[in-house]
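Undergrad: Go ahead and model the full structure; you've got the sequences and the hints to work with.
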Amino acid sequence: MANKKNNDPFWWTLFGAGGTISAFFIPIHVALIGIAIPLGWFAMPDYEGLVELARHPLSRIYLFALISLSLFHWAHRFRFTLYDGLQLKHLEQYIVVFCYGSAIVGTVIGLIFVLSI
Amino acid sequence: MAKTDDINTSTNPRYQRYRPERYSPRMSIFWWVHKKPFVKFIVRELTSLFVAAYAVLLIFQVRALSQGAEAWEALVAWFSTPFSIGLHVIIFLFVVFHAITWFNLAPTAMVLRIGKKRIPGGVIITINFLMWIALSLAIATLILAR
Chain Y
1 MANKKNNDPF
11 WWTLFGAGGT
21 ISAFFIPIHV
31 ALIGIAIPLG
41 WFAMPDYEGL
51 VELARHPLSR
61 IYLFALISLS
71 LFHWAHRFRF
81 TLYDGLQLKH
91 LEQYIVVFCY
101 GSAIVGTVIG
111 LIFVLSI
Chain D
118 MAKTDDINTS
128 TNPRYQRYRP
138 ERYSPRMSIF
148 WWVHKKPFVK
158 FIVRELTSLF
168 VAAYAVLLIF
178 QVRALSQGAE
188 AWEALVAWFS
198 TPFSIGLHVI
208 IFLFVVFHAI
218 TWFNLAPTAM
228 VLRIGKKRIP
238 GGVIITINFL
248 MWIALSLAIA
258 TLILAR
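Sequence order for the protein chains is Y and D. With my numbering, letter number 79 in the first sequence gets 79, and the count goes up by one each step, no holes. In my numbering, each number is its position in the second sequence, counted from 1, plus 117.
In short, the hints are calculated from the structure, not lab data. No experiment lies behind these values; they were computed from the predicted model shown. Glycine included, each C-beta is placed from N, C-alpha and C at the ideal position. The reader is advised that the hints may include incorrect statements.
As the list claims (entries may be wrong) - Simulated restraints on C-beta separations:
no., chain 1, residue 1, chain 2, residue 2, range
1, D, MET248, Y, PRO57, 21 to 27 Å
2, Y, GLY40, D, TRP148, 42 to 48 Å
3, D, LYS153, Y, ARG55, 46 to 52 Å
4, Y, ALA17, D, LEU254, 21 to 27 Å
TA: Here it is in structure tokens:
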């Protein structure tokens, strides 16, 4: 358990970074790609243009950071949501593995796709 | 009283004296529904689910972009379904709630100083909200200009 305490600042840093980047950037992505464009308020840009934009090194870093840090933000916060909300403290080890493990898997998958655009 | 204890421990070795400090009742998992601040707290905690859900949707978008025009068009077609639009509206409400609560807590999480003077919390919050607007406009412009 001493080990867990030592790791907490690390997970908290990822939680904080993910909370910040997701707060700044996810709402506009959802509003634009998921709502405004499908409702016809704006036209969806061409595939070629979007690929060109996404291939820019800064875009790749941005997309990867947004995906990965958002997942780690979820992992850390949801871990404590399960403890406090559902009183599952006794399942701590499984919850920790599930939360951070999912975020790590998502990070790897995200990295592969971001690099293969 | 000591006598009573002796009797109880001798007849039942597992008998323990009444210890009110050890009493911890199990709370209902819905302990938070009765008070507004608690509901706000739980909703704020649950926003992380929607942040993660959109991270997964971003992975699908990046995957479709990497697979070619056909895969991208298929995803774009799915985005136009009522289910997808409804899902995005729900995600939007939660991530906006996340953003607002996150920025409002920013002065608590970081203390900024100019010289020895602490920058007031209200200023930090205002800067965060202005940056949010500016960055959103920048991203929207970058995407729509394509």
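Undergrad: Now tell me, hint by hint, if it's right for this structure.
TA: Hint-by-hint comparison with the structure:
1. D/MET248 / Y/PRO57: 21 to 27 Å: At roughly 23 Å between Cβ atoms, Y/PRO57 and D/MET248 fall inside 21 to 27 Å, so the hint holds.
2. Y/GLY40 / D/TRP148: 42 to 48 Å: holds, 44 Å
3. D/LYS153 / Y/ARG55: 46 to 52 Å: holds, 47 Å
4. Y/ALA17 / D/LEU254: 21 to 27 Å: Since the Cβ atoms of Y/ALA17 and D/LEU254 sit about 23 Å apart, the hinted range of 21 to 27 Å holds.
In this structure, every one of the numbered hints holds.
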